[in-house]
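Respectively, the protein sequence lines represent chains A and B.
Using the numbering used here, you'd call the opening residue of the first sequence number 3 and step up by one each time.
Using the numbering used here, you'd call the opening residue of the second sequence number 56 and step up by one each time.
Keep in mind that the hints were calculated from the coordinates and are not lab data.
Any given hint might turn out to be false.
Have a look at the derived ranges for each label pair, beta carbon to beta carbon [what the hints assert, rightly or not]:
id : chain 1 : residue 1 : chain 2 : residue 2 : range
1  : B       : G243      : A       : F159      : 45 to 53 angstroms
2  : B       : G217      : A       : W236      : 41 to 49 angstroms
3  : A       : A207      : B       : R215      : 49 to 57 angstroms
Backbone N, C-alpha and C fix where the C-beta goes; we use that ideal spot for every residue, glycine too.
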Amino acid sequence: MTKHRIATQEEWQAERKELLKEEKELTRRGDELARKRRELPWVPVEEDYRFEAENGSKTLAELFDGRSQLLVYHFMFGPSWEAGCPVCSSIADTLAPQVPHLKARDATLLLASRAPLEKLLAYRKRMGWGIDWVSSGGSDFNRDLGFLYTQEELKPFLEGEIPSTVEQNARMCGTDAGGYVAEGPGLSAYALADGTVYRTYVTTARGLEPAMAYYGLLDRTPRGRDESATEPLWLRRHDEYELRP
Amino acid sequence: MTEHRRGRRDEWLAARRELLDAEKEHMRQGDELARRRRELPWVPIEKEYVFETDRGTKTLAELFDGRSQLLVYHFMFGFGFRADEQSPGCTGCSFVADHFDGAVPHLNGHDVTLVAESIAPLGQLQAYRERMGWRFPWVSSLGSEFKYDFGAAFTEEQQRTGAEYNFRHVDQPLPQREGMSAFALEDGVVHHTYSTYDRGVEQLMGTYRIFDLAPLGRNEEGPASWWRRHDEYGTPREEATG
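The following block holds chain A by itself, in its conformation from the complex:
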């Protein structure tokens, strides 16, 4: 670790107060963005999607489970993979404990993946998550949202230099780089009103960071995220970090 600037309590306090003003400003801008999200028009979902759930085959409307809002995390788990994406797994670590609080405010949150339900449930058991997970493998749900790519579409990416993180994650899932990036991560939000399902919001990439609790915490530590684009990602599944002696 490089030597860091040292100060007295009073000096720190003065700089911290300055920073607080900007933190408050950022929080307020976040509130404003949340308001703008709620102002997006709602788009009726006309396709008849089907999902395999633990209690049988379900429509999108049925996934709301009696509530008026549905949030779906599109967890990368391809049909032939041996295990789920490690980054999506860290997101499920964050999301699973939120479920009871979200339910209390009329929102159902679940995971959806293209792998067969049996595989999803076995992996969920390994990871110990208490969150519903459905298989969307039997419909075009992922493709329609832009979270499934064809090998043709991926050709330019796969012909270039493949980032080491992609290689690493693909290996951890028991697939290759092409198989890994065919699946896309994302979060989509829906409202149910008068029997009609509306899509209200979709996000991906860094838009998913709100679902990565560890980043919010690391952003407040002395060394921050401490990662670089040129090194393979440090993230592992929660049961795969090496135990220290």
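Position chain B relative to chain A; hints supplied.
Frame of chain A; chain B shown alone:
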């Protein structure tokens, strides 16, 4: 539900793209603030703080548990929202703490230790943690000035005459407030690097960040009123009184 504006997919897409630009800008401003936080000076801690933990009495340096960075959540206990003899942990802090176990293995794997700290006997913390099904380390700072020195608890005198909370003067602070402090260990010396309070703690409540993506948003009159411990939602007692 109030009538909401309906749109075609292309209308939604145009509005969504515009919003994405604003979201990206906000994200970059957040990155910039994280960088500024790391530039804050470090303050060496000269006082000796001692805690009761699951593994015996430990100093602040020992709480790092072999890592170089430490986050301490100042958990309100024996006082706070809906805290009583049956349920002594603050309901708001319990909501915050529901977010910890999912993050701890990843933080630990990246040289950061996270612990919660409360001014209550260790046995009471352990019993409450067991009820809530949490695994993160929770230490007792009872008898130490730690929570007071880091601005999350106030002496009886301060409660009468005023003190600073969240970096501004409060005339009559409550006995305890929520907060989190960050520390770095270097060459055997513990340094205080950062503290955050009030809505700064809300940034650690991932559930709010998910609500902010949902069609109805936070769907609340003001924070807190609807909060319950995760094992208390929808129980007959809550429905009768809630």
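For which of the previously enumerated hints does the structure constitute a violation, in increasing order of number? none
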